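Put together the whole structure using the sequences plus the hints.
Sequence lines, in order, name chains H and P.
Everything in the first sequence is counted per our numbering, starting at -17 for the first residue and increasing by one.
Everything in the second sequence is counted per our numbering, starting at -17 for the first residue and increasing by one.
Bear in mind the hints are in silico, worked out from the structure with no lab data behind them.
Don't take every hint at face value.
Claimed, not checked - Here are the simulated distance ranges between beta carbons: (1) E36(P) x R71(H): 56 to 64 Å; (2) D363(P) x G30(H): 55 to 63 Å; (3) P354(P) x A360(H): 55 to 63 Å.
Please read all numbers here as calculations on a predicted model, not as lab measurements.
A virtual CB, placed ideally from N, CA and C, is assigned to each residue, including glycine.
There are 2 protein chains.
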Amino acid sequence: MTNVEARPRPGTAPATPTDLPERLAASAAQAPRSAAEIAGWLDERRRGNPSTVERVPFADLTGWEFAAGSGDLVHSTGRFFSVHGLRVRTDYGHRPEWEQPIIDQRDVAILGIVAREIDGVLHFLMQAKMEPGNVNTVQLSPTVQATSSNYLRAHKGAASRYVEYFIDRTRGRALVDVLQSEQGSWFVGKRNRNVVVEALGPVEPHDDFIWLTLGEIFALLREPHLVNMDARTVLSCLPIPTPGGASSTSWRTMPEVRSWLTERKANYALAADYAPLASVSGWRRTADEIVHDEERYFRVIGVRVSASNREVPGWCQPLLAPCSTGLAAFVMRRIGGTPHVLARADLRPGYRDVVEVGPTVQCTPDNYTGRPADEWPAYLDLVLSRRVRPIFDVVQSEEGGRFHHALTRHLIVEVGGGFPLGTPPDFAWLTLDQLGELTRHSYQLDMEARSLLLCLRGLATYR
Amino acid sequence: MTNVEARPRPGTAPATPTDLPERLAASAAQAPRSAAEIAGWLDERRRGNPSTVERVPFADLTGWEFAAGSGDLVHSTGRFFSVHGLRVRTDYGHRPEWEQPIIDQRDVAILGIVAREIDGVLHFLMQAKMEPGNVNTVQLSPTVQATSSNYLRAHKGAASRYVEYFIDRTRGRALVDVLQSEQGSWFVGKRNRNVVVEALGPVEPHDDFIWLTLGEIFALLREPHLVNMDARTVLSCLPIPTPGGASSTSWRTMPEVRSWLTERKANYALAADYAPLASVSGWRRTADEIVHDEERYFRVIGVRVSASNREVPGWCQPLLAPCSTGLAAFVMRRIGGTPHVLARADLRPGYRDVVEVGPTVQCTPDNYTGRPADEWPAYLDLVLSRRVRPIFDVVQSEEGGRFHHALTRHLIVEVGGGFPLGTPPDFAWLTLDQLGELTRHSYQLDMEARSLLLCLRGLATYR
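In structure tokens:
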């Protein structure tokens, strides 16, 4: 877009080229290879690129140190990311204040997928990528998944393959390009660039990469831990249509939905202030980990990694290791024949815009063990009960570059027409197309809801 | 939207009811009263509601104190707002790091305008509101301009008149409802709710309020200091159409514009960290003010206020007093017959999303006195030169509730077809409709650009 002299050309008003939803539906209708076949290829890449991850005490975490005074866990270069404390005060929910460790990563990562039409069908170039925190080491990732510390080569390693498609605009056109948040309880102010670029010319092949249709990706999503979090968030931002068309009815209009979300964002107070990690109350540091006094929530641990297909052959880093499996659940109900999900305006201390729309329930159920029932998240008992019909129930992985074996059960349950349409103020019934609309702009639909949205899209029949 | 049981009804896909742009154009075409007549009414209200504002030393600033240790300027209740220090490091622009005082106001204000159709024409209920920092004490403000500290009555005063329209959804429907930033060099993370609600029933009249058409407001904008900043930002978010229709050509498509902005937002590093006010380097505190060592930028001063038509009869507060008049300027050029403005991706330390689209030039020219020319903002010399044709040149006021006599020259200059279309990477040519598109969502178009956009809209002929 820079330094170009050219004739003006007609602008297109819509936010995406008008034929993109149609092309995405066509790609969703194609799945020539089964999930098992593709998982087999992934196994091969895993074997072809051996790696090891071992836990080490902080004293052996080469390159990392606890800063003098604050006790923050930082890289000796000051780059990559750090772990510090956060002091939270809010009028949302049951806990008016607490302190916790949190990951601070100011670099914006490119989560970029190269797309290309092959035999008339849109394909996406997915990478078999090893991350140290993955339960199964290698998962399908975006073509490029790199922070600027990486792609500007702070680690002095190789450049990220294909990164040029996201820097040089003459190589393709952006189908989607939007900043999105990540886990608001584990990251402070995190924002990543979710971008899909359709390549204009041929794309050089490489062994660790595979072209997949949307239909193939949807099949993979029905299995645990094959499509990584970064791939899920990027793909969720694409304007994938709802089969049957957008003429379907919705419970609320989009202006009403936006007004509800604006009001919820404005309604709650949040003060999330930096605190030195050494002084975070309720948490303690041992030689091996930073851990909550009741061993709830998560631990911060250290690992040493060796990998054969990453930009550098080996490194040490901290990881955030959740103590238990998370739950992200949507309650789904048909209203006037159209599927709606019960979305929640969710406040998390790390969200840049305080509140985003999340799933009906998003929590780590084990954190509520022993707590009074009235402190449980709304609808938690419902989604785990026999009163609902599960239509999707698959455990997926969170980002393995920062989180150790972080697993989230993705649950979508259907309720019948007798289920009340009235909701508490933080909840609203939204259609899939309305969730999709929220992904077009930053900080409206949270990571877990975007991931569930993609899974929901994958349940539809596109052919 | 809460606790309502009702039949589903068809959703409308567009972000605004489809007839709203048409109704806004019709309101823009009507200006039964002249700017002079309305300014006369405003004078009357000013005389009818006498007020005084006097500077006081910090020692006499009742209710405010410098916090022990940090030296932050805070209210004794901990509410309203505070002034603390900010330590800034960035790779944008010429100054890699600096420290400064900044206003921290975590409360979200409602900037709300009640609208109503009168004799078939949309009218807006504007308030003659006194603010202590206004050069002319009273200006036309939104119907409601109140932080939650105010409307929840932290000051134990009267409730803000008409605030119920923005809390009780049965009273009207939102025509626009979006969080927007304010001055990113003076506020940290500030976001306000910009909302227009069309009342469903009759609206009780009050002496300090007046119903204006959009045409009347446009006429008022050609005069200095009549329409306050809050009113300008709210009105700028309405989907006011460009006469001649949206079928006009644009230099770049909207997806290209969004991708450019996302890339600019992702491209720059910003670390803006809290610093105790007492230790901010380059600034000093006297008995009367906090001032920069070179007397540049702004001062923080204290005032005592008495007012007859505010929620409380008198109070003290700090104000940020700029040392000199600001400049917000758009370079305009026709491309293929369609007016485009040269917009800049502008990084400010207080922006929640780091970078927003601003005017071609946005600065305080006096801050560059004595600095080398290559440190001047791009295009500053151009917009002040005789090589351009000014088509709008009016000084407007910034928010008088926080700023003392803060004036910004609003300048729009036209350049001819010989002006190069190539731009540096931080700049892009956008149409008015594209600027309007950017206001639909948070943190895309900055305060000064929104204000200029409204002035630009007011230059068009709607009848």
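Structure-based check of all given hints:
1. For the hinted restraint 56 to 64 Å between E36(P) and R71(H), the CB-CB distance of approximately 35 Å leaves it violated.
2. Taken as a hint, the range 55 to 63 Å holds for the pair D363(P) and G30(H), whose Cβ atoms sit roughly 59 Å apart.
3. The beta-carbon spacing between P354(P) and A360(H), approximately 60 Å, falls within the hinted interval of 55 to 63 Å.
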